[in-house]
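Chemist: Heads up: the sequence lines are chains F and S, in that order.
Our numbering applies: residue 1 is where the first sequence begins, and numbers increase by one.
Our numbering applies: residue 1 is where the second sequence begins, and numbers increase by one.
Honestly, the hints are just simulated from the structure, not real lab data.
Treat the hints with caution; some may be incorrect.
Claimed, not checked - Which residues of chain S face chain F? A partial, calculated answer using Cβ under 7 Å:
1. Pro-41
2. Pro-292
3. Phe-295
4. Ser-320
5. Thr-377
6. Gly-403
7. Val-405
8. Leu-416
9. Thr-421
10. Tyr-423
Just so you know, even glycine gets a beta-carbon here, dropped at the ideal spot from N, CA and C.
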Amino acid sequence: MSKKRKLMKVYPIEENCISCRYCEVACTMVHSESKDPVKAYKLENLLPRATVEVKGAVSLSLMCRHCKHPFCFDACISGAITVDENGKVNLDEEKCVGCWNCVLVCPFGAAHPMIREEKRHSFKCDLCEERGFPACVEACPNRALIYDIER
Amino acid sequence: MRYVIVGNSAAAVGCITGIRKVDPDGEIVVISYEDRCYSKPMIADVLIDIPEEKLLYRDSSFFEKNRVETVLGHKAVSINTESKVVALDSNELVPYDKLLIATGGKPFVPPISGSDKKGVFTFTELHSAVSFKNYIKENGAEEIVVIGSGFIGLEVAYFLREIGVKVKVVELLDRVLARALDRRASQIVENMLREKGVEFIFNDTVEEIMGDEKVSSVRLKSGSVLRADAVVVAIGVRPNTELAQTAGVEIGKGVSVSDTMETSVPDIFAAGDCIECTDIVDGQKKPIPLFPLAFEQGFVAGLNMAGKRMEYLGGLVLNSLKFLPVPVLNAGAVEPIDDSCEVLVNDKFEKKGYYRKAIVKDGKLIGFIAIGEIDRTGILTNLIRQKIDVSDVKERLVEPDFGLVDLPQWWREEKLKQDKTAYKDWRAV
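So here's chain S without its partners, still in its complex pose (with noise of 0.2 Å):
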């Protein structure tokens, strides 16, 4: 048995790992146009000058110990499904048995006039992180313009505030983080900012990147014109589904994928932030971007590559503002989804340092935020995934110290006593 996968991240490892737990023998090859397996939600870290060794995320004793093929630096552009094989930009061919696509995500790039000048950036791989840390250096830029206050936006804004430099985050909508967040975190979130020194333009976006070759301001829709010595573009992140589309597998908001994640084309299959998963909160399917979920989809990809039978469990959002002095956590819905939700909160940031919510729907808790204090939330994110009735307990679901006790003995003694704890194990009650 061949196995191919495009793609070398959090999915790719994954599915590494999965195909290796079934069939120790099989070949593996691994093509990917980026030269190493790196961490890609550690990239702007790159600002603060990490050593690049700590930005590996799997070095090459992982693949050599798996007795993986890599094929680096060469980029897959597309795939032969009659003869099972995939062409590179080499001309080279690699042929498969089994195929993973897991191309990734592509940062969104709006149509703003001047987007193409030098000293404009996208932060979703190593090589533009480390551009934009030299064309700092370089240019001796000390304002700079960030479109977008999404996760990514909001990390950049804030490592540039360590090395230094001024920063203006531009955002369309009146608050940070506004599609991840409730209003109450947004605040939070940017007041931790403005600490730091973030100034931030609400309601308002970049029409137009001036400058000659070299941007040198942003024009907003309201009118005012901002220095900008670069500018980082980070509105989001869409499916890259190029490579899919060669194979002719169906793609709805990413590439389609059933419960095992195979695509509609037989022996491909599809994980990470190219595809479109079903959120198990609301039922819908969307891309999802999110480390862990690609990295659980690429292993659930392999083993059922590998001939082993699994069904996904299903995505839910999990969020972490990794770089804040305070932690932020969040999984799930963040505000009632329908007028059937409760929503449950517990805000003591002003004199405790914590905020806490619980959105609960039918008895079962379909999502939460956790600020300050976020030791033990994996249970809550768990009673998500396993929808596990918490009526008995609503009030508890917002108190720091929930614990296994506030859970039904019948979970304690499946989990602890007899350690079901296998990936099937995990499904909803």
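Chain F on its own, in the form it takes in the complex (with noise of 0.2 Å):
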């Protein structure tokens, strides 16, 4: 529909994938307080936002697409996901209700739900915004996972 799109996104390349699970941990890492993988994991309860599959000999890692079409941006009764003017899709965590609506419709699993006492919210693949640079991408050692443009 709309060709004004312009996004980079992070794309999983299976034939190179190893199931190291760099890119999970190091995307722990990024997102959390403390900047520490053991203490992100173990202290702050984090999750990756990227999943490393594997069976048999087929091993890939995957997060959010920022589909076309979303259907968590459907789905999302809070207003809490949102998509910008190229497609990215964004979440709100503080304003996410925990619904887990995105849950049940993300066709590549990509939403995840975040289930503790204090406060429930679904989280996803942001592309390292803050920071510029997808930290799963950097932290790959053997090109399964690389930045470009959506095709």
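Combine both chains into one complex, guided by the hints.
Modeler: Written out as structure tokens, the structure is:
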């Protein structure tokens, strides 16, 4: 539909993935307060926004695809999910009320539930907007993740 | 081009979004008798004093940015299809070129004697939720009876416990959410609510609401009488077709629409809880009053209204019990729909805290339930939507780590490499 999109996204290349999960660790770390991989997992109870899947010889790392038609955006009851002019799908964790509709409709399983006592909300890949370059791509030792213009 | 939308919730916002994808310039007018665009599925949160701004689904900046004129606080009462105008209760006439009817649902209240007393509430609109909360405070209500154990009834019951009110839920059938979940899932949900202190009375119904001016008790069919300082009727929602009828559009179980969300009358479209839509799981036309579907239908209607032809993918049941401590999700069918269905179950609820069930028919997934472990279940929802053959990975469907590696390689090629994620790319294969 809209041809105005200019979006850089992270693309998994399953042929190159060796399921080392460096992407997961890097993702969790850069989204943490402590910026420390152990503390991020153990103390902050964070989870990665990239998911490494393995089945036999096949493996890949998967994160938000910033779909051209994002079903998560349709389903979001709080208005936490928005789409910017380039097609980047944003999820405002503060606004999110944890209804899990996005978890239920994302065809990639890229919107995840954070179920904690103090705050329940969904979370997903934000393309490391604050950082400027996706940490998972940087961490990947085998070019199984690349940062590229949308196809 | 002048677009008029009656209604101001998910379908309306979806429609505005759809129109603006195609037509940046046309005039858009939204008519609603309510005063703001709030999130209907969130109104029960009023009971636990959620800040009002949190309930806003789209604030004024959305309407400004999309150049939408809003006519709020006035009800659309009739449509004249010859002169193409919508008449408001203020007698104002609003002309349209293309019209969307998104009048939503209305709560079903069975004929119970005494249901007109003060203290009897339904729960589908913000103003009724707020009046209910105020009634509880003003009258010091301590014991409340909820009629019906559907999603709304259970959520109200749960939040009433949060604020320390005693709740009894009266349900005609023998378990909670009997039409939405299977027996096992109902049991899990019921236990969670019982732990919260909600009481249940099954296989019974309220025959009379008693009291003078205000409700004070209810009498059940079984004969017992329950104290009730207030009553919530949450039996279900029906399509609100009143406005549509004035236009003479075809109506089945809700407003009938084509694949492009057009009614039987030219230039009038409909979307959301007021319509009947085709359930992709069983092919039946029925109302499926759910927020995500309403938005999507509104979006498709908007594209078509603005001249971009797009067919709706079809509806399916999508439920989430967002208020429970343990998440409960389901999509599509939760029980076999005929003898050819295969049922897969992975019940580790007692030991590991999760329950998974999948229904497969003719090699295709047609529904699932996920309790406890819900991450990535959208992959399953899409398998239902795209009718992808899962014969080879059937047993994996109920495993919490089911993922894209379980899907055919061509699917990953198309979706991940070629970015085929536009609306039309999600049709059944």
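Chemist: The structure should be examined with respect to each hint, and the outcome stated for every one.
Modeler: Now for the hints, and whether the structure bears them out:
A distance limit of 7 Å between C-beta atoms decides the matter here; for Pro-41 of chain S the minimum to chain F is near 5 Å, and the interface restraint holds. For Pro-292 of chain S, the interface hint holds, the least distance from its beta-carbon to any beta-carbon of chain F being 4 Å, beneath 7 Å. Interface hint at Phe-295 of chain S: satisfied, since its Cβ lies 4 Å from the closest Cβ of chain F, which is below the 7 Å cut-off. Interface restraint check: Ser-320 of chain S against chain F, minimum CB-CB distance 5 Å, threshold 7 Å, status holds.
With a cut of 7 Å, the hint placing Thr-377 of chain S at the interface with chain F holds, because the nearest CB-to-CB distance is about 6 Å. Interface hint status for Gly-403 of chain S: upheld, as the beta-carbon distance to the closest one in chain F is roughly 4 Å, under 7 Å. The interface hint given for Val-405 of chain S holds, since its Cβ lies 4 Å from the closest Cβ of chain F, which is under the 7 Å cut-off. Checking Leu-416 of chain S against chain F by beta carbon gives a least distance of about 6 Å; that is within 7 Å, so the hint holds.
Here the hint on Thr-421 of chain S is kept, as its CB sits about 4 Å from the closest CB of chain F, short of 7 Å. A hinted interface residue such as Tyr-423 of chain S counts as satisfied when its beta carbon comes closer than 7 Å to some beta carbon of chain F; here the least separation is about 4 Å, so the hint holds.
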